[in-house]
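Could you put the whole structure together from the sequences, leaning on the hints where they help?
Number of protein chains: 2
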Amino acid sequence: MNTWKMMHIHLDIGKSVVSAVPPCYKEFGGRSFTSHVIADLVPPDCNPIGEENILVISTGLLAGSGASSSYRVSIGCKSPLTGGIKESNTGGRTGFALAMLGIRGVIISNIAPEWQIAIINKEGVELEPAGDLVGLNAFDTVEKLHARFGKKAAILTIGTAGEKLLTAACIGATDNDGIPARHAARGGPGAVMGSKRLKAIVIDAQDAKAPKPFDRDRTRAAVKTFATALLDHPTTNTALPLYGTAVMVDGINKVGGLPTRNYSQGQFESADRINGQALYDLIKERGGKTTHACMPGCVIRCSNVIPDKNGEELNRALEYETIALLGSNCGIDDLDTINRLNRMCDDLGIDTIETGAAIGVAMEAGLIPFGDGEKAIGLLEEIKNFSDVGQILGNGAYITGKVLGVKRIPVVKRQSMAAYDPRAIKGTGTTYATSPMGADHTAGNVLPGAKLPDGTVVEPSQAKDQIAISRYTQLMATIFDMLGLCWFTKPPIFEDISLVSDILSAQYEESWDEVKLMTLAKRTIATEIAFNKKAGFSEKDDDLPKFFRTEALPPKGYIYDVDQQALATLHQEKA
Amino acid sequence: MNTWKMMHIHLDIGKSVVSAVPPCYKEFGGRSFTSHVIADLVPPDCNPIGEENILVISTGLLAGSGASSSYRVSIGCKSPLTGGIKESNTGGRTGFALAMLGIRGVIISNIAPEWQIAIINKEGVELEPAGDLVGLNAFDTVEKLHARFGKKAAILTIGTAGEKLLTAACIGATDNDGIPARHAARGGPGAVMGSKRLKAIVIDAQDAKAPKPFDRDRTRAAVKTFATALLDHPTTNTALPLYGTAVMVDGINKVGGLPTRNYSQGQFESADRINGQALYDLIKERGGKTTHACMPGCVIRCSNVIPDKNGEELNRALEYETIALLGSNCGIDDLDTINRLNRMCDDLGIDTIETGAAIGVAMEAGLIPFGDGEKAIGLLEEIKNFSDVGQILGNGAYITGKVLGVKRIPVVKRQSMAAYDPRAIKGTGTTYATSPMGADHTAGNVLPGAKLPDGTVVEPSQAKDQIAISRYTQLMATIFDMLGLCWFTKPPIFEDISLVSDILSAQYEESWDEVKLMTLAKRTIATEIAFNKKAGFSEKDDDLPKFFRTEALPPKGYIYDVDQQALATLHQEKA
Chain A
1 MNTWKMMHIH LDIGKSVVSA VPPCYKEFGG RSFTSHVIAD LVPPDCNPIG
51 EENILVISTG LLAGSGASSS YRVSIGCKSP LTGGIKESNT GGRTGFALAM
101 LGIRGVIISN IAPEWQIAII NKEGVELEPA GDLVGLNAFD TVEKLHARFG
151 KKAAILTIGT AGEKLLTAAC IGATDNDGIP ARHAARGGPG AVMGSKRLKA
201 IVIDAQDAKA PKPFDRDRTR AAVKTFATAL LDHPTTNTAL PLYGTAVMVD
251 GINKVGGLPT RNYSQGQFES ADRINGQALY DLIKERGGKT THACMPGCVI
301 RCSNVIPDKN GEELNRALEY ETIALLGSNC GIDDLDTINR LNRMCDDLGI
351 DTIETGAAIG VAMEAGLIPF GDGEKAIGLL EEIKNFSDVG QILGNGAYIT
401 GKVLGVKRIP VVKRQSMAAY DPRAIKGTGT TYATSPMGAD HTAGNVLPGA
451 KLPDGTVVEP SQAKDQIAIS RYTQLMATIF DMLGLCWFTK PPIFEDISLV
501 SDILSAQYEE SWDEVKLMTL AKRTIATEIA FNKKAGFSEK DDDLPKFFRT
551 EALPPKGYIY DVDQQALATL HQEKA
Chain B
1 MNTWKMMHIH LDIGKSVVSA VPPCYKEFGG RSFTSHVIAD LVPPDCNPIG
51 EENILVISTG LLAGSGASSS YRVSIGCKSP LTGGIKESNT GGRTGFALAM
101 LGIRGVIISN IAPEWQIAII NKEGVELEPA GDLVGLNAFD TVEKLHARFG
151 KKAAILTIGT AGEKLLTAAC IGATDNDGIP ARHAARGGPG AVMGSKRLKA
201 IVIDAQDAKA PKPFDRDRTR AAVKTFATAL LDHPTTNTAL PLYGTAVMVD
251 GINKVGGLPT RNYSQGQFES ADRINGQALY DLIKERGGKT THACMPGCVI
301 RCSNVIPDKN GEELNRALEY ETIALLGSNC GIDDLDTINR LNRMCDDLGI
351 DTIETGAAIG VAMEAGLIPF GDGEKAIGLL EEIKNFSDVG QILGNGAYIT
401 GKVLGVKRIP VVKRQSMAAY DPRAIKGTGT TYATSPMGAD HTAGNVLPGA
451 KLPDGTVVEP SQAKDQIAIS RYTQLMATIF DMLGLCWFTK PPIFEDISLV
501 SDILSAQYEE SWDEVKLMTL AKRTIATEIA FNKKAGFSEK DDDLPKFFRT
551 EALPPKGYIY DVDQQALATL HQEKA
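In order, the protein sequence lines correspond to chains A and B.
Going left to right, the first sequence walks through residues 1 to 575 as our numbering numbers them.
Going left to right, the second sequence walks through residues 1 to 575 as our numbering numbers them.
Treat each hint with caution, since some may be false.
If several chains are the same, the list does not tell them apart, and a pair holds so long as it fits within one copy or across any two.
Using 30 Å as the maximum straight-line C-alpha spacing, the simulated DSSO-like pairs for lysine-lysine come out as follows [unchecked claim]: (1) 15 x 546; (2) 5 x 151; (3) 522 x 540; (4) 152 x 5; (5) 533 x 516; (6) 152 x 490; (7) 15 x 407; (8) 451 x 224; (9) 522 x 451; (10) 546 x 534; (11) 556 x 384; (12) 534 x 407; (13) 490 x 546; (14) 375 x 309; (15) 546 x 533; (16) 533 x 464; (17) 151 x 15; (18) 540 x 212.
Source of the hints: derived by calculation from the structure; they are not laboratory data.
All figures in this text were calculated on a predicted structure; none of them were measured in a lab.
Rendered as structure tokens:
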């Protein structure tokens with residue numbers, strides 16, 4: 001395991017240190033790495049856009065094993081959006097490139113005197129002035145960097161949203177073809193990168209090879225077993241490759257949990273205009289790609305390539321959450337409009353979920369009407385132009401609601417909810433309330449049909465068992481985030497976790513099993529909660545905005561009725 | 001005591017109930033009344049601009065006794081600015097009018113279907129449509145209401161800032177001459193009144209007389225003793241009547257605690273252009289009034305009447321805090337500009353402290369330059385026009401800083417500090433950190449020269465004894481707020497509190513003394529803290545922004561170094 005490296009970039013003095021991963025971090029990867037490093041190095045009460053915050057990037061423990069879908073990379077910091085700890089992970093090529101270089105973690109501290117870019121390669125890391133990249137958005141930045149470093153170089157970059165410290169700013173990551181369509185989206189990591197005056201990180205893994213697994217043959221065999229399991233499962237072999245995550249529009253709409261018009265309805269009358277089938281038809285008609293892998297070696301290939309009306313590629317990876325937040329949640333039912341909004345967000349480097357939620361709140365305030373796609377595009381232009389209204393929206397749904405005097409603001413810990421109304425999908429609602437990450441579906445998304453480990457199916461609209469299923473799913477999500485594993489590999493793994501622990505046991509010297517993974521996941525969440533407590537959060541922050549408890553959600557009439565006391569102690573109980 | 005009444009206005013159904021003050025509230029007045037009623041009736045987790053919040057108005061216990069400076073009126077609610085409990089009190093004629101009608105408290109609940117005004121008189125209370133008052137600012141509103149109800153009617157009103165739910169909105173109160181120059185300023189009570197669609201409250205006390213004291217002769221004698229003590233003390237008989245609160249500019253500047261350019265300096269190079277003498281000279285030169293009583297029967301008369309350049313009355317009561325926040329804190333050294341800014345704030349119905357702090361933060365962000373008075377006036381115009389930037393600023397310093405990406409935001413519990421830099425004046429800094437009201441000097445302002453009850457003089461720039469002096473001063477401030485007593489009567493009362501407890505013992509049937517007053521003050525603060533805890537605050541919220549602990553304040557180089565653990569337990573210890 002000591003072949004994996006860690007690099008510490010000190011932006012203030014322009015120096016870097018490369019070292020072996022220290023023993024105390026050796027079992028950490030992805031989110032467990034970033035969260036422990038932040039807990040160890042960042043004063044919880046620091047200003048998230050000040051010198052004391054750090055940005056940590058980490059490959060997962062499965063990276064380099066060859067396991068499918070395992071090159072997600074975690075990016076951690078103290079969040080300028082929530083004020084708490086944050087881990088946000090992204091697909092694309094970054095994790096692969098870092099793994100090839102044997103890098104477990106990159107720690108970026110302090111603030112550069114002038115805008116910089118960092119170039120990481122076999123020689124180590126170099127900083128150089130960002131020059132004319134400053135002021136560019138993501139697509140232009142990446143184009144210029146690719147011209148210099150080649151298309152194979154993986155790039156993490158911020159757009160102008162991150163430069164301007166907007167707290168909805170994300171970090172864009174190039175996909176396997178070099179397009180910055182993947183994002184560490186939530187919680188404002190782009191603003192932290194911007195505050196450090198770091199415009200981009202280029203990871204050039206040319207001629208590099210990942211550290212050798214402890215037992216190469218056994219690793220190969222276990223990786224193959226895992227790939228076979230993915231290819232044998234109907235969700236991972238058909239639904240996701242065919243429709244991408246847009247497949248969920250219908251399912252979530254059916255159970256009455258599709259956020260519509262700022263969370264005032266749970267079904268959208270035009271859902272069939274924005275669902276998986278509609279997107280599939282549009283892509284097919286225009287000659288795009290309905291299936292596409294964002295990272296090397298992924299057998300699921302849930303991404304897509306979407307042309308505009310003229311058949312030109314406009315977007316990649318139009319995800320369910322983007323469709324829901326920028327679509328139904330804004331009353332917008334036109335895929336081309338949603339597609340344009342998504343592209344604008346990706347280019348600016350701003351989270352589509354937070355931005356969609358902010359626009360929904362602004363629509364509720366009457367700033368523009370619900371359903372007006374052209375005016376929504378106008379609001380994105382305002383963010384781009386950094387106008388006053390753009391600055392409001394670019395700081396997310398909470399700030400937008402506070403400035404515009406809106407009562408119904410769908411956030412927890414100041415971060416907007418994702419595309420699952422917590423009244424209809426109470427397990428995800430319970431995750432929103434209790435995750436140290438704020439309202440983040442990726443922290444433990446409990447979809448209809450979810451089962452407890454004992455096989456009990458949990459009914460999404462009922463309060464019963466939601467604490468247990470959310471806790472279990474949050475721990476599982478933490479394991480996935482530790483491993484760098486895409487959540488979409490979940491179906492076979494939830495049936496048999498040894499599919500991945502066997503790879504780890506072969507890849508590293510120590511033996512891994514479910515108990516060890518669960519123990520590390522619990523330790524990671526406990527570390528995050530302890531950080532948040534020191535940063536000022538209390539048990540009272542572990543709840544949904546009250547209107548979800550009092551305002552019945554049409555048409556099914558659900559309210560969120562999971563006991564608040566149970567929420568406050570969710571992570572204190574044994575899983 | 002049961003001659004005092006309470007009225008409950010239910011705006012949703014347009015009905016009111018008048019009753020005797022119930023026994024459990026009979027020892028409460030002012031802040032102790034409003035805070036206990038809020039703790040009893042308002043769900044701590046409610047939306048401050050929703051149906052569940054209430055607005056409570058209460059006269060102090062000394063009201064009606066004839067004691068000098070005792071007609072301040074407390075206004076309480078859950079604050080839309082801080083999210084915690086709030087009491088904000090104001091001088092002017094309101095307390096007098098309510099006391100003449102025998103009213104201890106007015107509870108205003110729910111939301112009116114259409115904009116209303118409330119008229120309170122000897123008959124009770126009536127609601128009627130606000131009609132063409134909606135959309136008017138404070139001076140026009142008051143003029144129209146006076147035309148109808150006469151100059152003697154006391155009026156509480158919001159301007160357009162409150163109508164638009166801006167969280168820096170205050171409630172304006174007419175002074176003894178009918179000018180809306182007095183304010184329940186802090187924490188956004190104007191937004192709560194606006195959210196209830198209540199434009200104004202007219203209190204017509206014609207031919208009414210306050211409830212008879214229990215022992216009229218003894219009350220008269222005690223009131224006279226108190227007035228004599230005020231007239232014998234050099235602070236209350238000379239400094240305040242001569243210069244008003246502007247007298248403090250020099251003193252606070254001298255100790256290096258005058259907020260200058262968004263709290264980046266503690267002395268302002270042009271302090272002598274905005275100090276008490278400069279204001280006195282300007283008023284004298286233009287034929288204004290350097291001394292003026294805001295309420296009936298005040299012997300201190302610290303208010304003033306300030307003409308503009310043409311000799312026309314522009315302002316009343318230009319206070320030290322306004323001069324510091326809209327002046328030195330913005331780098332503005334021109335009294336006429338500060339005067340115009342003050343008038344615009346008063347008319348819009350927006351807190352001068354919060355607004356000055358927000359402009360200071362916006363200047364730090366580079367929105368306009370420090371010192372540019374005309375551009376600062378332009379920003380007030382933006383608030384008036386409810387433009388995007390106006391909405392940002394009108395929601396206070398915290399939101400402004402968050403939207404504009406500013407690191408140094410001088411707030412506690414999201415409320416801006418007042419005109420005392422906490423590094424140089426650590427007792428007030430300790431009050432900012434620990435008061436359940438957020439950063440509010442009125443919750444316990446510890447000025448240079450402050451003494452502990454045992455006579456120890458506390459050095460403002462040293463950490464020593466700040467916990468003790470802040471706790472003591474917060475309890476004393478709570479007593480003043482319970483009694484409806486202006487803080488400026490403090491000098492003789494801090495030497496001998498029986499000056500006021502003797503009045504209470506004569507005015508009411510029960511006997512009052514220092515122990516009873518202190519017990520009620522402690523109970524009030526404990527009730528407020530319990531409310532805040534349920535609303536989501538934790539001990540971590542009892543601290544100053546970190547930069548006050550790390551950034552030395554020029555020119556004297558002070559940092560705020562009172563131990564955070566001691567802050568967190570300040571109100572748990574025995575006073």
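Hints, verified against the model:
1. 15 x 546: Answer is between; shortest inter-copy Cα gap is 27 Å, intra-copy 48 Å.
2. 5 x 151: within (25 Å within a copy, 79 Å between copies)
3. 522 x 540: Cα proximity of residue 522 and residue 540: in one copy and across copies (21 Å, 24 Å).
4. 152 x 5: Classified as within: same-chain Cα gap 22 Å, cross-chain 79 Å, threshold 30 Å.
5. 533 x 516: This pair counts as within: shortest intra-copy Cα distance 26 Å, inter-copy 37 Å.
6. 152 x 490: within (29 Å within a copy, 74 Å between copies)
7. 15 x 407: Answer is between; shortest inter-copy Cα gap is 25 Å, intra-copy 48 Å.
8. 451 x 224: within (26 Å within a copy, 78 Å between copies)
9. 522 x 451: The answer is within: 20 Å in one copy meets 30 Å, while 52 Å across copies does not.
10. 546 x 534: Close inside one copy (25 Å) and across copies (13 Å); limit 30 Å.
11. 556 x 384: Intra 38 Å, inter 43 Å, cutoff 30 Å: neither.
12. 534 x 407: both (29 Å within a copy, 19 Å between copies)
13. 490 x 546: Classified as neither: same-chain Cα gap 32 Å, cross-chain 42 Å, threshold 30 Å.
14. 375 x 309: within (19 Å within a copy, 46 Å between copies)
15. 546 x 533: both (22 Å within a copy, 16 Å between copies)
16. 533 x 464: Answer is both; intra-copy 28 Å and inter-copy 28 Å each pass.
17. 151 x 15: within (27 Å within a copy, 72 Å between copies)
18. 540 x 212: neither (47 Å within a copy, 47 Å between copies)
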